[in-house]
Structure formats: C-alpha cells, structure tokens
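Chemist: The primary structure of each chain is shown beneath.
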Amino acid sequence: MASELLKATDVSEVFGGLKAVSDFNVHIDRGELVGLIGPNGAGKTTAFNLFTGVYQPTTGEIVFDGKSIVGLKPYQITQRGIARTFQNIRLFSELTVLDNVKIAFHFHVKYGLLEAVCRAGRYFREEEEIEAESMKLLEIFHLEKQAGELAKNLPYGAQRRLEIARALAAKPKLLLLDEPAAGMNPQETKELMEMISWIRREFGLTILLIEHDMSLVMGICERIYVLEYGTIIAQGTPEEIRKDPEVIRAYLGGEA
Amino acid sequence: MKYLRKNDFIMLGFAVVLFAVLQGLISGRVLNSFWQLNLLIVGINVIMSVSLNLINGYTGQFSLGHAGFMAVGAYVGVVLTTNFHAPFAAALLAGAAAAGFLGFLIGIPTLRLRGDYLAIATLGLGEIIRIVIMNIQYVGGAAGFKGIPHHTNFAWVFFLMLFALFFIKNFVNSTHGRACLAIRENEIAAESMGINTTKYKVMAFTIGAAFAGVAGGLFAHCFYIINPASFTFMQSFNYLIMVVLGGLGSITGSIAGAFVVTFISAALASWPEFRMIIYALALILLMFYRPQGLFGYMEVTNMGIFRRIFRKGGHN
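Taken in sequence, the protein lines are chains A and U.
Take the first sequence: its letter number 36 is residue 36 in the working numbering, and every next letter is one higher.
Take the second sequence: its letter number 155 is residue 155 in the working numbering, and every next letter is one higher.
One chain only, chain U, in its complex shape:
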C-alpha cells in the first residue's frame, strides 16, 4: 500500500510543476487574456466533469441537472462576496455547502428513480433551480447579478481543481467508492452484499453537487456579471458531453474531456453556429469508434509508459 502514497506524491509533484509553468506563462503575459480566461474555464470545467463523473460514471446514476447545482454555488457565492463582503474562501465554502445540501435534499426522492426517469427528473430539477433564480429580484432576476468582485485567479482554480481530483480519486478507491461502483454494476447484488444503496447514491450525488457548487463560485467570480442563462440545460448537457467524451468512470477521462471540449468551443468562438454541429459530429464519431470514451474505465496511471512511474496496482 506504500506505493499508493508514493504515487500521490509523484502526481502532486507533476501538478506543482504544471502549475509553475502555466502561472509563468500567465505572469509573463505569454498568454493573452482570452486564453487566460479559457485556462480558468478549463479548470472549472474539470471540477464540473469530474464531479459529474462521480455521479454518472462511477455510481451509474444518470444526472442531467449539474448546471443547476453550479448555479446555486455561483449565486450563494456572489451574494456573500458582493453584498456581505465575505472572504472569497468562505463564499466558496458556503456555495459548496448550499449546493451539496440541495443535492442531498433532491437526491433522496429522485434517486429512487432509475435510468431515463432519473435523467428526466434531474433535468427538470436543474431547470427549476434556474427559473427560481430568474424570479428572485434580490439576485437580479433574468438581467443577472452585477458588480461581482473579480476574485478568481489561476491559483484558486488550479488548487481547488487539484483538491477535487484528489478527493474523488481517493473516494473511489476506498470502500465507499467501491460501494458506488457496485451500485453501478448491479444494484440488487450490491444490496445483497450489505451495501445501503440509497445512502451511497445520495452520498455520491451530494459530493458531486457540492463540487459543482465550488465550480459555480469560481466561475461567477471570473466575471463582472452572471445571469441565469449561463446555467441552462444546454450547459448541463455540455458537462455530460465532457464526461462521455472523456470516458465514464475515469478521472483521467474527465480531465481530457474538459480540456478537449473547452478548447474546441474556444477555438470555434468566432463561429458559434458550427459549434454544436462539430460537437455532434465528434460525439457520433466517438460512439462509432470508441463508445467507452477516450479513457473509459481507464486511468493514465495504469497505461504503458506511465506504469513504470506509477508502479503496480489498480486505478490510483
């Protein structure tokens, strides 16, 4: 088991080096502000896709309302920082707690549903959250919330992303994560092995929603204004695309998916009408040639060359 800890340190080392390089590029103004913003969005999208992957990919509960939880985190965060001048960290934490709590409340009744029914229920709930926010005048309604302090920088995004990745990686490699995997594989057998399936479904949903809340807080503080239109069903769908494209049940996949999708949409920013066509084509091709996604159920740590660095053992 010692190699696990060693792998963690190697990975952390890589991450710090990566951070130093990217931060250097930003500070040295090598990247223009457009790509700087995109770098932030990638990090936020990684948090979104890896947390959605916990629900969809690891626990096998098809959720389509992830942007709704993001909206909760975003709005709770901006109200606290803008109206109450709370510190950024406290606002993010409150946003995560609010989104997590809502996920917990929503999870208990909806997770009794399966497959398509759950997808439709979560889709509806995501929309309800958005429409409720749209009708609260205190947060600006449909016009949006203005005057948000610009707190989000690359360090916040990067290290919270790292935290989310490590959190979910360690979760899925524990008995709690295995319980979630068992539910995905065969709910009846999981139950007969002594796993409280409702508890673990709700737990995965809550953790996923809380991280979506963090991502929402980070997202909101990138801009001067946010409005409910940023958290539509299309946005939830976008995160689903990242997860499916990257590979269900793979953390490496979530990162890759977030990267690819964010950069494709950034590169196509000038031709928004082609964006969805290219998405659709990419997905169709993927489903034909690699239905399990780029990294379905696989991690970079147990592939070819990386195996030598990360010695032995399952998906860490």
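For reference, chain A alone in the conformation it holds in the complex:
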C-alpha cells in the first residue's frame, strides 16, 4: 500500500483513568482530504496531538510515510513532514506577520551559525529566498499588506489564515488543520474552503481537518471519520455519513 501516507493502528491514549482515545484506526492516502468530526470532547484534538507527537500513544502504532513516528518529538515529526495549526491560535504574537512565516522555514535553512554571525557564505542568498517565499505565501492568504504588522494585531480570521500560511512554510506532506473555520462568518468560511482546496492542488498536499462547521466538512472532504467517546463510530463519504444512523444518534441523541 504505497499510497498510504498516514496509518494509525489500534491507537489508544489513557490519561490516568480516562480513555481519551481507544481502538483508534485511521488511514489517510496520499492526496486525500479527510475530515475528522465528532461531538465536543470526543477526542479529536487528542488524535491530532498523537499524530504530532505532543502526546505519546499508550498503545498502538502510528506510521507516517512508511516509518513509525511513535516516540519522536514534535519537532522531529514536523521535519518528517507533518505540519499543523491549533484550535486555540498559537501565533508568535509579538513578532511580525512576515517573521511568523519565516520562522517555519527554519529546518530547511542550510546556513550554519558561523555563516549567520559573520553574514557570509549562504546567509544573504538563503535569507533572500526565505523572504521571497514567505511573501509569496502571504500573498496566497491575502496577508501581504499586513506583512510588517504584529501578528497579535491582525483580525481573528486573518490570524487563522496566517496559521495555515505558517504551517505551509514548513513544506509539509500532511497538513493537519484543527478547526480552521472556528469563529469565522459564513462568507469567510466559504473563502477558506476555496483556499483549502486550492492549496491542496497547488502544493500537492494531503489534508486532515477537524471541523464543527458541517457546510465546510461536507463541502470539501472526500472521506470523513466520526469520533465519539474516543472511538471511531463511522467512516465514509459525506453522503454515507449524513445518512449513518450511528452518527445521527451521536449528534442528535436518541435511544441507545
């Protein structure tokens, strides 16, 4: 199965006596756009934290791009090619918009400490490249005019877009978006949807996203996983999910 990019097998995560995630099986193929939905507290963000190394799985195996990523530190996983955004925005708020994006190029930079301090060798050329590429990313997300502003001064929607731009600067193979449309109005959500589909094509990305906004999830995801109480209760295309009695029960309640 060469086309498989991420595969989680029988993963569980236990916090003390609480099973946040159990018997978690997910696979994502290259180029797919997959959604992960579920009621509040179902364990969606925990799943993201497991994929990115913030938490280590209690049991189970996570394989990315043919190699296990269990036991790796978050920065090592990012260097393997998984980048993410956060549900509660985590920008470098006292830095400029441009610097926020530049930082994410960090592990692709080749010049060493000595070259940086002496401003010699590859320093100027690489810094120019980083600046140009960062500006290009900012343009894609309509942030080029705010490049010099502090990230904390951006409006909420723009901060969300900046987080995606920053994640893309790390040049990932798999992009994890944690509620990208949270707090956006319907118009912004629609634009975001178009943007996500566009960057997926343009950058050849695979995307996994958590979202509560059903118009977004149903609109762009090719496949959806539904999580409830830490276990996958359903998976399939948006149409299948819409009709799935288990999902309806989980969201609307009903006799067990």
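Think of the hints as simulated: they come from the structure by calculation, not from any bench.
There could be a bad hint or two in this list.
Stated by the list, open to error - Lysine-lysine pairs mimicking DSSO-like chemistry, simulated, CA-CA at most 30 Å apart:
| id | chain 1 | residue 1 | chain 2 | residue 2 |
| --- | --- | --- | --- | --- |
| 1 | A | Lys67 | A | Lys110 |
| 2 | A | Lys136 | A | Lys173 |
| 3 | U | Lys6 | A | Lys110 |
| 4 | U | Lys199 | A | Lys67 |
| 5 | A | Lys145 | A | Lys171 |
| 6 | U | Lys199 | A | Lys173 |
| 7 | A | Lys73 | A | Lys145 |
| 8 | A | Lys171 | A | Lys190 |
| 9 | A | Lys73 | A | Lys173 |
| 10 | A | Lys171 | A | Lys136 |
| 11 | U | Lys6 | A | Lys136 |
| 12 | U | Lys199 | A | Lys171 |
| 13 | A | Lys171 | A | Lys67 |
| 14 | A | Lys152 | U | Lys146 |
| 15 | A | Lys145 | U | Lys199 |
| 16 | A | Lys145 | A | Lys173 |
| 17 | U | Lys199 | A | Lys73 |
| 18 | U | Lys199 | A | Lys110 |
| 19 | A | Lys136 | A | Lys152 |
| 20 | A | Lys73 | A | Lys190 |
Model the placement of chain U on the given structure of chain A, informed by the hints.
Modeler: Below, chain U without anything else, positioned relative to chain A:
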C-alpha cells in the same frame, strides 16, 4: 538584502568615530581616572547586558545567574595570565570557553524548567559557582586573587564590546535567532514548526555564558585584585536591571540600560546607601510608565530620524 551590509558599515563607521573621540579624551587626560575606569565598566556591562538579553529578552528564558559565568571567565583568565603568563587574548578566549562550556552543561538540565523555576535554579547555580570559587585556595578563596596584571584598556573593552554587539545582532537576525524568538513567543508552536527548542535554548544560554566569560576576563584585568564578592547574586540582579530597564529583546536597550545603570551607580558612589533606593524607585517608575523598558523590542535603527540613515527593513 544589500542594505543590511550597508547598515553594518554605517554602524561600524559610527563606532570607530566614537572610539576615536573617547580614546582621545582618555589619552588627552580630559577624563580623570575615576571616569576612565567607569568607561571600562560601561563597556563590560554592555557585554554583560547584551548577552543576558539574548537569554532573557530574545529566548525568553529567565536567568538570574549571569554573574556566575562572569566569575568563571574572570578566574580562568587571571589564573592563566598571572600564574601561567599566557597572553591576554588567550586568557580571555579560555575564560569564554570555560564559561560557555559550563553554561552548556548547566543549560541542559535547567532549561527544562520554565519561568520562576528556571529563575530560581539559575540563581542557585550562580551562587554555587561563587561559593565553589570561594573555597578553592588555589585562587585565593574568599580573600581574593592578588597580583593580576593590568591588561584591560579601553581598546580591548571597546572592540570586544563591538564584537559582542555585532555577534548577537547578527545571531538574532538569522534563522537561528528567529528560532529563539519563536521559543520566547510560544514554545509549543515553535516545536510544531520543526524547531528543536532544547537545542536553541541551550545554544542561547551557551553563547550568553561565553560572552559573560569574556566580560569577566576584561573585568578582572582592570584591577589588581578580584574576589568572589564581586560576583554575588546582587551583581546578577544588577545586570537584570540593565536588561529590563533598557528593554527586553532590544540591543539598543541593552546598551542604554548598561549606560544608565553604570552612570547612576558611579554618580552615587559617595552615597552607596541611596543607590538601591534610587534603583528601586527608577524601576517602579519605569514599570508604571514604560513597562516594556526604554527600548522594548525596538532598535535605534528603525526609529524616526535614524530610519533615513539605516534604510528599510527589520531590526538590524
């Protein structure tokens, strides 16, 4: 990017002119020996505050043991020059290496701590270094180390200060420095952007400690005698005041902070009992009216009139 190099030359030009003027004042005996010594101390304090700023202001790791690293540089330096008659440059380099190495060793375990915990741990480590030195008879123990050759002059201090300033300026304006800034701003996000946070925290700590070692070597060779009492917690605190007063995350601020604090304490030399009161008052007023410090996160190169000289671009 070419303007960056141009700015560097303009700045270097300013520095050389400043050096010529000050050296002229010293050679022409316009400044008496008290102010001459203070000029040396200012330069040394600039090295201390800018290196502490790298740790505290840029990387956001609250360190309170900077005088400890200074002590290591000072003692390694004086032992080499006095007992082994090593050249001054070699002694300074050895002092920097020793302090840097110690910073590296101490950094690995302590930088796992955050905020207040790190502050207390580094405070303790600074004191441990001082007490260890106090109990080594070879370096004179509590009585101090005597018979140090008077190697430090204004040129040494000025050009090493310039080196430290350029080193740290270039560091923070590179991808390595940006990694440190990212750690200060949000460690979790920095890690998720592929930055090895432990590595960069230890790196900043090591570089900061090495420069403190250089400053220690320069400081020790200003006098005939040094003793461990010069490197107490109060001294570390003094450098912290310079950094906070000048502005965290600003090189201009570190220079200004070192200047202001050194001259206030020199001017109050005859009334030492008022010194701490005035410090405290100055800090309280600053925290009320300008909590980010005189130059918090700002550089002189991107302010008003200077913008015309140093064209365009971030903090260089």
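Chemist: Need the list of violated hint numbers for this structure, in ascending order.
Modeler: 7, 14, 15 and 20
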